[in-house]
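Student: The residues making up each chain are set out below.
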Amino acid sequence: MHTHSPELHKAQNRRPVGIEMYQWATDLFPICRSITGPGVRETLAYFKRLLPGLVVHSVPSGTRAFDWTVPPEWTIRDAYIADEDGNRIVDFRKHNLHVVGYSEPVDRWLDRAELDQYLHSLPNQPDAVPNVMSYYVRRWGFCLTDRQRRALPPGRYHAVIDSDLKPGVLNYGELILPGRETREILLSTYICHPSLANNELSGPVVTAALARWLTERHDRRFTYRIIFIPETIGSIVYLSRHHEEMKAKTIAGFVVTCAGDERTYSYLASRQGGTLADRVALHVLSRKVGKFDSYSFLESGSDERQYCSPGIDLPVCIVMRTKFGCYPEYHTSLDDLSLISPDGLTGSYDVIRGCLEVLEANRVWDRTTLCDPQLGRRGLYPTLTTRDSGLQARKLLNILSYADGTRDLIALAERVDMDAMECDALLRRLAAEELVQQVS
Amino acid sequence: MHTHSPELHKAQNRRPVGIEMYQWATDLFPICRSITGPGVRETLAYFKRLLPGLVVHSVPSGTRAFDWTVPPEWTIRDAYIADEDGNRIVDFRKHNLHVVGYSEPVDRWLDRAELDQYLHSLPNQPDAVPNVMSYYVRRWGFCLTDRQRRALPPGRYHAVIDSDLKPGVLNYGELILPGRETREILLSTYICHPSLANNELSGPVVTAALARWLTERHDRRFTYRIIFIPETIGSIVYLSRHHEEMKAKTIAGFVVTCAGDERTYSYLASRQGGTLADRVALHVLSRKVGKFDSYSFLESGSDERQYCSPGIDLPVCIVMRTKFGCYPEYHTSLDDLSLISPDGLTGSYDVIRGCLEVLEANRVWDRTTLCDPQLGRRGLYPTLTTRDSGLQARKLLNILSYADGTRDLIALAERVDMDAMECDALLRRLAAEELVQQVS
Amino acid sequence: MHTHSPELHKAQNRRPVGIEMYQWATDLFPICRSITGPGVRETLAYFKRLLPGLVVHSVPSGTRAFDWTVPPEWTIRDAYIADEDGNRIVDFRKHNLHVVGYSEPVDRWLDRAELDQYLHSLPNQPDAVPNVMSYYVRRWGFCLTDRQRRALPPGRYHAVIDSDLKPGVLNYGELILPGRETREILLSTYICHPSLANNELSGPVVTAALARWLTERHDRRFTYRIIFIPETIGSIVYLSRHHEEMKAKTIAGFVVTCAGDERTYSYLASRQGGTLADRVALHVLSRKVGKFDSYSFLESGSDERQYCSPGIDLPVCIVMRTKFGCYPEYHTSLDDLSLISPDGLTGSYDVIRGCLEVLEANRVWDRTTLCDPQLGRRGLYPTLTTRDSGLQARKLLNILSYADGTRDLIALAERVDMDAMECDALLRRLAAEELVQQVS
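Protein chains in written order, with my numbering: chain A, 2 to 441; chain B, 2 to 441; chain C, 2 to 441.
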């Protein structure tokens with residue numbers, strides 16, 4: 002009897018999935034994504050090659066979604082600050098974080114003091130280029146390290162941003178994997194940040210690997226709704242189209258983000274807590290990881306805010322590695338491919354896949370007999386009664402004590418202090434002897 | 002954004018109210034109060050000058066009130082023990098604690114041993130004159146320091162008490178301040194102890210200052226019932242006349258007692274706990290004071306016993322400084338004007354007023370949008386998205402997460418871990434943008 | 002006012018009951034009991050002499066009981082292993098643990114290696130003879146110390162077991178003591194182990210002493226169902242006959258086991274916890290013992306498994322000394338009369354009797370007055386009010402605060418932080434003054 006299901010155990014040692022995920026992140030890293038534009042489309046096209054069932058949707062600029070409006074589409078071709086000799090001293094081609102996201106076009110000569118108003122840097126992290134965006138107010142600007150900024154000499158500078166802000170579309174990807182039941186499990190990840198690794202690419206690559214595993218699993222009980230969206234505006238647009246259907250069908254969901262470092266594991270609760278998603282996440286994290294960081298919804302900040310918002314109230318939480326905002330490289334050029342690793346990504350993959358496996362197995366069981374059944378004649382109890390014979394059958398007896406038709410597998414496993422998948426395996430042995438049965 | 006409401010903050014630095022309250026206590030200190038008699042009337046007359054709306058009621062001796070009967074009225078004019086030379090060695094005129102409260106008249110010569118049966122002192126506090134009363138069994142007696150008692154030489158002593166115990170009235174004061182709503186908040190304090198400062202005068206003077214503040218506040222939402230009564234018999238008599246009306250109307254109430262020292266703050270829970278009074282008291286104490294002493298109703302002892310008694314069950318708790326019975330000077334001549342201070346009184350005033358302000362603001366709010374509203378275009382969220390922009394709007398977002406029509410301001414503030422008045426101010430900013438609305 | 006009821010207090014110093022119980026255990030120790038057979042009948046006959054009302058029932062072999070079947074009856078007359086010279090080197094007559102319980106008859110010569118397959122010993126406890134049984138698969142075997150086993154030289158051995166396994170009966174004893182009410186309290190103990198002291202005889206002797214005390218108590222409020230059964234199969238057979246009636250009538254029950262050592266006290270919760278049996282057990286253990294070991298139902302192992310099993314769900318828990326399976330001598334020859342003592346048995350007797358006394362007194366009380374009654378004129382409160390007068394009447398006032406018709410005596414005592422029997426005595430003083438009354 003293993004603590005982990007054999008499948009899951011295999012996964013943990015199957016390094017290839019980690020190496021694949023890391024390779025996908027490496028491929029996608031250079032693309033300059035934003036909440037709209039060609040970078041998002043290029044990213045979605047990459048995932049569609051991995052997941053042929055992925056459907057890419059387009060929502061026109063100006064479309065209303067609850068309190069929001071889809072913004073114009075942003076295209077960025079080039080951006081730089083040059084000195085009087087024409088040397089590019091801040092260059093979008095070197096790192097796409099150098100330009101403020103959604104910058105309007107500009108072609109101006111400025112002196113050093115005037116230029117400074119358009120510069121963004123981090124005095125406390127003098128070697129990091131910050132990630133700055135201005136989606137809903139027209140601006141332009143450049144980001145650079147504070148060290149570089151402070152070294153800029155007086156003089157004249159040429160600021161050039163070759164961009165468009167025009168009516169276009171907002172794109173997102175959607176993959177529906179039907180199961181035997183119409184009840185759904187949601188996986189949601191975002192694809193709207195430029196070259197950032199943990200707080201961007203780790204999410205989509207782990208989601209893609211999970212989607213591929215689910216695609217190959219032909220005995221899916223539940224239907225899976227897997228979406229790749231721009232953060233916030235994307236989930237709001239998506240919910241404005243699907244929230245009634247999702248509310249009726251969704252039994253659990255997970256936002257997949259910050260899934261690639263090796264520092265820790267984290268759990269961020271749903272708004273109300275205690276949903277099926279929370280319960281399975283806490284069970285699997287406790288059993289597989291043991292020690293992890295726990296955050297209340299007061300620390301929320303990604304698409305779970307929309308999925309859990311009052312009136313929407315989907316059962317969605319987050320299982321991740323180090324939480325967004327809680328590591329120093331967050332939203333800077335330091336959140337690069339060195340921050341994530343195949344092992345880090347595999348850790349997230351294993352825990353979320355563990356959650357999905359428990360959900361698939363999550364049923365209510367009830368006993369078929371009054372009083373303990375005679376396990377001995379069924380080969381489930383030592384026929385020789387010694388001081389330890391009870392201990393050997395303890396797990397079966399405890400399951401029989403609490404498989405009383407009132408609790409699902411997760412609650413039963415918590416009650417008898419066992420791993421849910423081990424508990425499921427023992428329930429199936431008891432079911433083979435007709436000592437327990439599923440409650441429909 | 003301040004942690005405390007501007008009004009409250011001003012109060013904390015407005016030393017004048019503390020000095021006024023202390024002056025009132027100084028004025029009232031010499032009066033010999035008891036549960037009936039001229040001392041009570043003189044005290045009530047003093048407060049009527051401060052609070053012209055105060056109505057003084059009279060209930061005849063012999064009136065039944067639940068299990069009790071209003072006792073005869075006690076008038077004390079003089080009392081002393083003199084030695085054979087006529088020297089007053091224990092003298093009511095020096096301290097009114099020297100006579101046992103409700104002593105019947107006496108004029109007798111006794112020898113030292115016989116006299117001792119009528120003396121009360123505290124061996125463990127040899128310099129304190131105890132406060133002793135015998136309301137319901139006819140007695141007479143004198144209280145003195147144990148040091149003085151032990152020094153009394155053999156000889157003959159003349160014990161004289163010039164008092165009356167005759168049918169009369171029990172008095173109490175009542176101030177009703179109407180609000181926009183008929184629902185009421187109760188403030189109850191007692192006026193029945195002789196020259197005692199913390200466990201007597203601190204209560205009525207803080208109550209009077211609160212009553213004056215409420216009188217000046219013309220936008221009162223709730224009606225305020227403010228009563229000055231003799232302890233126990235007074236609340237029983239008052240409830241016997243008003244309990245049905247109070248049960249229908251009272252949403253929260255506070256017994257105001259032991260409000261003047263600077264040693265600590267204390268909370269004594271209502272009988273069942275968890276009432277609106279308890280909730281606001283715990284919120285305000287936690288936010289304004291931080292560390293305070295907490296007592297269960299098993300430690301009750303003042304009029305909250307009657308307000309909370311089974312079948313009455315008003316939502317009443319106590320917010321005070323050092324609890325009655327929990328400081329060494331309690332019920333002795335050491336509980337004098339040196340034990341209380343303007344700052345001590347102001348502390349109680351601020352905390353109870355803070356409770357009333359939160360109650361006035363205590364409403365249920367609900368959102369008007371599905372998903373997060375776009376705060377940016379309303380000037381409530383940074384238009385430039387940086388790694389810290391979310392933190393700046395965190396409080397508004399958290400309020401939007403939990404202002405879902407299911408919890409009042411106090412519960413909302415507790416849920417989002419904020420001060421209720423700060424939370425209220427932010428809700429009003431959101432309401433101005435029509436992003437939240439009050440639930441009727 | 003004592004913390005313990007006078008009766009109970011007397012019991013604690015009444016050593017005779019402990020000496021009697023120990024004597025009964027001594028008398029019964031040599032009998033070779035099993036789940037059926039003459040040893041059980043001899044044991045029941047002994048208790049019938051102590052408790053003339055005890056009825057001995059017989060259930061034929063082959064009778065179905067839920068998932069089980071009553072096994073054949075086992076009779077053991079002699080058993081030994083002799084060496085080639087005819088010396089008995091393992092001898093049932095020296096200790097009845099030497100033969101595996103339910104051994105089929107055998108009369109064979111075996112060499113040392115072959116013999117070893119039929120031997121049972123404990124390498125970790127080389128001087129202990131283990132207790133081994135094979136009720137439901139036909140086997141034979143011998144138990145011996147590991148030291149003896151390892152010292153057995155090569156050679157031929159003669160294994161002889163003179164036993165029967167034939168259709169017969171399963172016996173149990175039942176004593177019903179009617180009370181004023183038909184509602185019942187269950188005491189269940191087992192009588193199926195051979196010469197074992199704590200994990201066998203301590204249970205029936207304490208149960209017999211409690212049954213005798215209950216028999217002598219002619220004012221029994223509840224009916225008592227007291228049963229002496231073989232473990233597991235006995236409770237399953239008994240429940241198969243009586244579970245509907247017991248479910249309708251039983252308000253609390255206790256399995257009496259491991260009741261004789263002096264090491265600790267233990268509590269094992271019912272399956273769901275929080276039943277009346279759990280509540281009274283926790284109250285009495287906390288008040289009388291203070292510190293005790295607490296086990297969840299996940300550690301269950303005796304007849305409470307059947308009484309609490311889903312669909313049966315009787316309110317049954319265990320109050321015992323050191324729990325079965327949690328002391329090194331458990332199920333070995335070291336669990337002998339030196340492990341138990343008159344004091345150890347008396348401790349169990351006192352605690353369980355304390356539980357029964359609280360249950361008998363467990364009623365719901367309500368007040369008769371609104372507001373506090375005037376205790377002074379009833380002699381229940383000092384007529385002289387001093388700083389300590391409130392403290393003296395504190396217990397009465399607290400009882401009056403919470404005797405509000407909503408909680409039984411146990412809950413009231415817990416709420417006011419008092420011993421239930423002291424609380425009951427004070428309630429009866431208040432009832433004599435017509436200040437509280439029982440709620441029917």
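Don't read these hints as lab results, they were simulated from the structure. There may be inaccurate statements among the hints.
Copies of the same chain look alike in the list, so a pair counts if it works inside one copy or between any two.
30 Å max Cα-Cα, derived DSSO-like pairs, lysine-lysine [what the hints assert, rightly or not]:
no., residue 1, residue 2
1, K289, K167
2, K95, K292
3, K248, K292
4, K49, K167
5, K292, K396
6, K167, K95
7, K250, K95
8, K49, K292
9, K49, K95
Note that the structure is a prediction, hence the values are computed from the model and not measured.
Student: Decide, hint by hint, whether the structure agrees.
Tutor: Checked hints:
1. K289 x K167: Neither: 48 Å inside a chain and 52 Å across chains, both beyond 30 Å.
2. K95 x K292: neither (40 Å within a copy, 55 Å between copies)
3. K248 x K292: neither (32 Å within a copy, 44 Å between copies)
4. K49 x K167: Within one copy, since 26 Å is at most 30 Å while 74 Å is not.
5. K292 x K396: both (24 Å within a copy, 29 Å between copies)
6. K167 x K95: Within one copy only: 25 Å inside, 92 Å across.
7. K250 x K95: neither (46 Å within a copy, 71 Å between copies)
8. K49 x K292: Cα proximity of K49 and K292: none, with 36 Å in one copy and 58 Å across.
9. K49 x K95: Intra 27 Å, inter 81 Å, cutoff 30 Å: intra-copy only.
Comparing the model with each earlier hint shows violations of hints 1, 2, 3, 7, 8; every other hint is respected.
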